[in-house]
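J.: Since chain A is already given, all that's left is putting chain B on it; use the hints.
Residue numbers (our numbering), protein chains in the order written: chain A, 1 to 170; chain B, 1 to 170.
For identical chains, the list gives no copy identity; a pair is met inside one copy or between any two copies.
No more than 25 Å apart at the CA atoms, straight line, and that leaves these computed lysine to any residue pairs for SDA-like:
| hint | residue 1 | residue 2 |
| --- | --- | --- |
| 1 | K143 | P98 |
| 2 | K143 | E92 |
| 3 | K42 | P98 |
| 4 | K143 | T104 |
| 5 | K42 | G83 |
| 6 | K2 | Y39 |
| 7 | K143 | P109 |
| 8 | K42 | T21 |
| 9 | K2 | T91 |
| 10 | K143 | C106 |
| 11 | K42 | Q95 |
| 12 | K2 | A87 |
| 13 | K143 | A114 |
| 14 | K143 | R96 |
| 15 | K2 | G75 |
| 16 | K2 | Q95 |
| 17 | K2 | A117 |
| 18 | K42 | E57 |
| 19 | K2 | A41 |
| 20 | K143 | A101 |
| 21 | K2 | D82 |
| 22 | K143 | G157 |
In short, the hints are calculated from the structure, not lab data.
2 protein chains.
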Amino acid sequence: MKLSNGVEWAAHCCVVLSQATRPVPAARLAEFHGVSPTYLAKHLQALTRAGITSSVEGPVGGYALTREPGAISLGDVVAAIDGDQPAFRCTEIRQRGPLAASPTACATPCPIAAAMAVAEAAYRDALGTVTIADLAADVERGKDGALARLRTWLADGDATAVPTPRRARR
Amino acid sequence: MKLSNGVEWAAHCCVVLSQATRPVPAARLAEFHGVSPTYLAKHLQALTRAGITSSVEGPVGGYALTREPGAISLGDVVAAIDGDQPAFRCTEIRQRGPLAASPTACATPCPIAAAMAVAEAAYRDALGTVTIADLAADVERGKDGALARLRTWLADGDATAVPTPRRARR
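If we strip away everything but chain A, and leave its shape as in the complex, we get (with noise of 0.2 Å):
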């Protein structure tokens, strides 16, 4: 069972968003990241799907969060990537072979598929805890300045922004 690579990256631009005072345009996301925009483009591309950012056009346009970023948790985060599916899919095996159980007897959930609904809750309840807004307090708390000097340079890209029209992304 693996997560898709994109949680990760889609993870951190949220945290960088919530840094930004004003839309941060995908190109600027990609440079900060040390990756091509292209391959940032798709998760961020879903984040919006999922009403967790939003893209903005026009000269000043890019990427911004839809909300404030303590109502956003990293199991939305990870629900905008990879789906909200259950990880665990009941096939219905007790229904199978020479003592099938029948449709009726099976109105309650197979107890392996009910054991592992309880632990896919208990993921998803430790992940809707935590918040872009706590994720950050965390890089805060790191002491090396991590993110008073990505304010500065999101500032510094808002400053020197070359004001040509940009096609938003969604």
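T.: Same frame as chain A, but now just chain B:
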């Protein structure tokens, strides 16, 4: 993110084996589950590699659990089939780009990786508390007599077993 289908087959096989009084041939396990022996074989072999089952050679050979059903957790079965690698694998994105953190500044995990690890630990902990004995007890509580019928079916197989040598699978 999706678990291998093998997890479901392997967990069902373990519950069946928990009700057997002697090794169950792979062909009989496949018959019980209404699936081809070749398909089931790879999951049984994975359980054996993980030390959850053993295969016994000879005319009354087959698969058996290596320890009490109460000492085999659903987490053990998931790890046997799907491995025990974390689902989230940090690639140290914070060490990329123009403001890259130095490796020495990254002695502690990235907050994103740390939060993902906490969630995965919650998932594993939940799976670790459910044993094959618990799952069998849950089936027993189903009141449709499924486990009693299974035990009778397994005993019938023992009585009619043809004593021809059978190559053990591992």
